[in-house]
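Engineer: The listed protein sequences derive, respectively, from chains A and B. Going by the working numbering, 30 is the number at position 30 of the first sequence; the sequence numbering is gapless. Going by the working numbering, 1 is the number at position 1 of the second sequence; the sequence numbering is gapless.
The hints are simulated quantities; they were obtained by calculation from the structure and are not laboratory data. If you're wondering where the values come from, they're calculated on a predicted model, not measured in any experiment. Backbone N, C-alpha and C fix where the C-beta goes; we use that ideal spot for every residue, glycine too. Mixed in with the good hints there might be a few duds.
Computed footprint of chain B on chain A; a stretch qualifies when at least three of its residues, placed anywhere within it, have a C-beta under 8 Å from a C-beta of chain B [to be verified]:
id, segment
1, 26-39
2, 236-247
3, 315-323
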Amino acid sequence: MKLYTLEFEKPVLQLQKQLEELRAKASAEKIDLNDEINAMEKKLEETKQGIYSKLSAWQRVQISRHTKRPYFLDYVAQIFEGFTELHGDRRFGDDHAMLGGFAFFKTNGKSRKVMLIGQQKGRDVKENVKRNFGMAHPEGYRKALRLMQLAHKFNVPIITFIDTPGAYPGVQAEERHIAEAIAVNIREMSTLEVPILAVVIGEGGSGGALGIGVADRVLILENAYYSVISPEGCAAILWKDRVHAPKAAEALKMSARDLLAHKIVDDVVPEPPGGAHHDPELAAQNLKASLIKHLHALDKFSKGDLLDNRYTRYRGIGEYAES
Amino acid sequence: MAEMSTETQPTPVAPPPMPPSDQGMNLPTPPPSKVFDKPKEVSSRTRKKSIPEGLWTRCKGCGEMITNKELEDLLKVCPKCHYHLVATAKERVQWLADTGTFEEADSNLHSVDALKFKGVASYSDKLKAYARETGLQDAVLTGFCEIEAHPTGIAVMDFGFLAASMGSVVGERITRIIEKSTKKKIPVVIISASGGARMYEGMLSLMQMAKTSAALARHAKAGLPFISVLTNPTMAGVMASFASLGDVILAEPHSMIGFAGARVIRETTREELPKGFQTAEFLLERGLLDMIVHRKTMKSTLASLLEFMK
């Protein structure tokens, strides 16, 4: 598997290389090296376990930004059928960093309609010019709202996939009122009378993430993050230098388990060891199972209860003292 | 993320009223016109320290020295250049509410260090210091009042408290005043000023955007008016939630209003920022505001709007 290796994974890579050499030697020289190979395999597993079981917040941020990590369209292809992309906000343009459309979701042998919305990053320079590194403009948020309102009209559940460093900070984005686009989405998502699931699959960059993130259930992949500010931005403000991003990542409590503890997210979707990019198929299977579970759980609520529960979910977030 | 990630803007002449690390979020640069490159006003709070007599204040807009007595009579607006100086939440309530009608609500809420934030300075210490300095529990003052006899739920943010960044208490107090106003069937007026979401409370802060906006959706569904007033500066998470959701949106002259900080935009895009970028005037020109209102006519403007939207 040719993957861009992260710094902290290098011991794993080294052992994998040694193991391959050992196997090659055994096969070429026709000698029995089974004991050595078994020992090496065991050591590899232990090393993997040692590294992947206690990833720091900053290491997870690096995994969440890995260019081989599955993106929105990868999950769409693996989990759904018949995705029909719909384009444009009907006002200004079509944002390629924010996509959406109808799809079918096969759950327990039955096929049901869903509306998918997701932020899409690119893997190379050319793709990223088109996708703007997953940073949507106002028209992206307005397209997302248009499609969500369409889902509301036809009583179709909405699933949103969050993967953005943030909404685009640019002159035109400001001129077309990115703040208002996000604000309106946040307000309107609290009123849509269909089940909404949101899942953070990679980067959950602040307001740009929340702009498609108000939901009945918010899920997050094990190595994804969701934060009020990027660790680099926080480090630049508090420590006066972006190199302190690892400290900021810890302090901000932006990892999946911390978010679950503070009830920001409702469930954590497990990833293959080392991250979703090590086994995208398994990652998609895990996500699919989680989406089925939560969508079924939401099916039992009436429209009124759904809205009340969604209101209560957000109403309860915040920690303060009352004297 | 980008819009919340900005460092404090370097100021050309005088230092900002607080050290950069104290800013919850980004501070915008002053408007890039020549007028605003001149010396800055010293806020009344810091002035008390630097000029013990406390008799004069220098206008941030034109450098004019104005007596504090005169400044108070003029609602802290420079008589020479009409620059609107920083105002505290208490001053604004005094200017807007009919005398004796303001009743504070939920003054018993206090911020806590929920994340046990490990930064360079302790969040708890900061909260204590700002509470001492401003006499406020947190960055917002909420309550009920009458504005020219219109009963109104009101929230006023105070930039002097941690750059009026929105944490759990700010979100909770604003949500409660909206909910109570919905119940009482009365309008809501929110006077915003904020650097954005409060970093020290992490995602708890970001979620206040959803909480306040959902409360406004219910208030709107009940057919009740919400007027959003933007003052200098209103940025990031506050602008991307309740501040942008007014039935009518007003702004004080020359206020900096936007999502991303100017410095982040410059660094990300390498674009030249247009003249007057992110000022109230810039926004009005692009159709993003209803009107720019001088401080001395703010109360009467609110009253006539409330009368119309009854």
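Engineer: Does each hint hold? Answer for all of them.
Structural biologist: Okay, the hints, checked on the actual structure:
no.	hint	verdict
1	26-39	violated (count 0)
2	236-247	holds (count 6)
3	315-323	holds (count 8)
Hint check: a violation occurs at hint 1 only; the rest are consistent with the structure.
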